[in-house]
Amino acid sequence: AQTVTQSQPEMSVQEAETVTLSCTYDTSESNYYLFWYKQPPSRQMILVIRQEAYKQQNATENRFSVNFQKAAKSFSLKISDSQLGDTAMYFCAFTNRDDKIIFGKGTRLHILP
Amino acid sequence: NAGVTQTPKFQVLKTGQSMTLQCAQDMNHNSMYWYRQDPGMGLRLIYYSASEGTTDKGEVPNGYNVSRLNKREFSLRLESAAPSQTSVYFCASSRPGTASYEQYFGPGTRLTVT
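Chains as they are written, first to last, in the working numbering: chain A, 13 to 125; chain B, 350 to 463.
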């Protein structure tokens with residue numbers, strides 16, 4: 013069975029610092045998609061970044077980038093120049109394209125002024 | 350486009366009462382999903398519907414029923430609510446087979462069962 017593990021339940025960093033959130037997953041598939049979703053206090057789930065497993069290049073979206081290590085089954089999220097608005101719960105998620113997404117348990121990130 | 354809408358936003362039920370959570374999407378997506386979110390548990394899939402007229406159980410289906418009324422609407426019913434069903438419920442939709450496979454989420458319903 014596929015699983016997604018986020019080993020950091022909670023993190024705090026100072027504004028403007030860089031922070032990395034960890035995620036590992038387990039699958040026997042070779043072609044799949046990985047996501048990071050953000051859930052701010054408003055509760056809305058927002059897609060931050062997406063990575064396709066067959067693409068070697070790490071995805072980036074402005075201040076957000078990933079370090080995708082396929083052999084290690086690792087998919088970490090780096091937030092550069094962190095801002096107060098980045099305070100949220102972050103979920104790592106996986107799909108092998110079978111209609112379902114599996115979510116990790118989340119990392120609560122606090123950006124401190 | 351409104352995206353994915355859910356009603357109600359908040360609800361308090363007594364044990365044994367029933368209710369239906371409504372979800373609709375206007376993105377012409379084939380697949381729709383119901384999740385529950387509990388502290389420390391992430392999002393867990395209750396039921397999903399890959400297309401109009403089909404539904405399948407997810408990870409935690411007990412105590413729930415669903416109806417895919419048409420392509421736009423997917424409802425979740427609690428026949429006899431229990432305190433263990435106190436949670437935040439999210440509806441989502443997607444169009445598998447496209448380039449992204451991402452899911453789009455509604456704003457959630459906070460349900461409390463006393």
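Just so you know, the hints here were simulated from the structure itself, not pulled from any lab data.
Built from N, CA and C at the ideal position, the CB exists for glycine as well.
It is possible that part of the hints are untrue.
[Unchecked claim] DSS-like cross-link-like pairs, simulated, lysine-lysine; straight-line CA separation at most 30 angstroms: (1) 363(B) to 90(A); (2) 420(B) to 112(A); (3) 90(A) to 406(B); (4) 363(B) to 406(B); (5) 67(A) to 85(A); (6) 112(A) to 90(A); (7) 90(A) to 67(A); (8) 85(A) to 117(A); (9) 67(A) to 117(A); (10) 112(A) to 67(A); (11) 82(A) to 67(A); (12) 363(B) to 67(A); (13) 358(B) to 420(B); (14) 67(A) to 358(B); (15) 406(B) to 112(A); (16) 85(A) to 406(B); (17) 117(A) to 82(A); (18) 420(B) to 406(B); (19) 406(B) to 358(B); (20) 82(A) to 112(A); (21) 85(A) to 112(A).
[Said to hold, decoys possible] Among the chain B residues that face chain A by a calculated CB cut under 8 angstroms, a handful are: (22) 392; (23) 399; (24) 402; (25) 452.
[As the list claims (entries may be wrong)] Derived DEER-like restraints, expressed as beta-carbon distance ranges: (26) 41(A) to 444(B): 46 to 56 angstroms; (27) 25(A) to 358(B): 26 to 36 angstroms; (28) 28(A) to 426(B): 39 to 49 angstroms; (29) 124(A) to 406(B): 27 to 37 angstroms; (30) 24(A) to 412(B): 17 to 27 angstroms; (31) 406(B) to 29(A): 17 to 27 angstroms.
A quick look at each hint next to the structure:
1. 363(B) to 90(A): Answer violated: residue 363(B) to residue 90(A) is near 44 angstroms, above 30 angstroms.
2. 420(B) to 112(A): Within the cut-off at roughly 18 angstroms; holds.
3. 90(A) to 406(B): violated (34 angstroms)
4. 363(B) to 406(B): Distance ~25 angstroms between residue 363(B) and residue 406(B) Cα, so the pair holds.
5. 67(A) to 85(A): holds (14 angstroms)
6. 112(A) to 90(A): holds (25 angstroms)
7. 90(A) to 67(A): holds (18 angstroms)
8. 85(A) to 117(A): holds (17 angstroms)
9. 67(A) to 117(A): Measuring from Cα to Cα gives roughly 26 angstroms; hence the hint holds.
10. 112(A) to 67(A): At roughly 21 angstroms apart (the allowed maximum being 30 angstroms), residue 67(A) and residue 112(A) satisfy the hint.
11. 82(A) to 67(A): holds (10 angstroms)
12. 363(B) to 67(A): Answer violated: residue 363(B) to residue 67(A) is near 50 angstroms, above 30 angstroms.
13. 358(B) to 420(B): holds (22 angstroms)
14. 67(A) to 358(B): Not OK: residue 67(A) and residue 358(B) at ~39 angstroms, beyond 30 angstroms, violated.
15. 406(B) to 112(A): holds (11 angstroms)
16. 85(A) to 406(B): Roughly 27 angstroms separates the two Cα atoms, so the pair holds.
17. 117(A) to 82(A): Distance ~21 angstroms between residue 117(A) and residue 82(A) Cα, so the pair holds.
18. 420(B) to 406(B): Holds. Residue 420(B) to residue 406(B) sits at ~18 angstroms (cutoff 30 angstroms).
19. 406(B) to 358(B): holds (24 angstroms)
20. 82(A) to 112(A): It holds: about 20 angstroms lies between the C-alpha atoms, which stays within 30 angstroms.
21. 85(A) to 112(A): holds (19 angstroms)
22. 392: Where the cut-off is 8 angstroms and the nearest Cβ of chain A is about 4 angstroms from residue 392(B), the hint holds.
23. 399: Holds, about 5 angstroms.
24. 402: violated (15 angstroms)
25. 452: holds (6 angstroms)
26. 41(A) to 444(B): 46 to 56 angstroms: With a Cβ separation near 20 angstroms, residue 41(A) and residue 444(B) fall outside 46 to 56 angstroms, so the hint is violated.
27. 25(A) to 358(B): 26 to 36 angstroms: holds (32 angstroms)
28. 28(A) to 426(B): 39 to 49 angstroms: Between residue 28(A) and residue 426(B), where Cβ atoms are some 48 angstroms apart, the hint holds.
29. 124(A) to 406(B): 27 to 37 angstroms: At roughly 42 angstroms between Cβ atoms, residue 406(B) and residue 124(A) fall outside 27 to 37 angstroms, so the hint is violated.
30. 24(A) to 412(B): 17 to 27 angstroms: Given range 17 to 27 angstroms: violated, Cβ gap about 37 angstroms.
31. 406(B) to 29(A): 17 to 27 angstroms: Cβ of residue 406(B) to Cβ of residue 29(A): about 43 angstroms, so the range 17 to 27 angstroms is violated.
When each numbered hint is compared with the structure, violations occur for hints 1, 3, 12, 14, 24, 26, 29, 30, 31.
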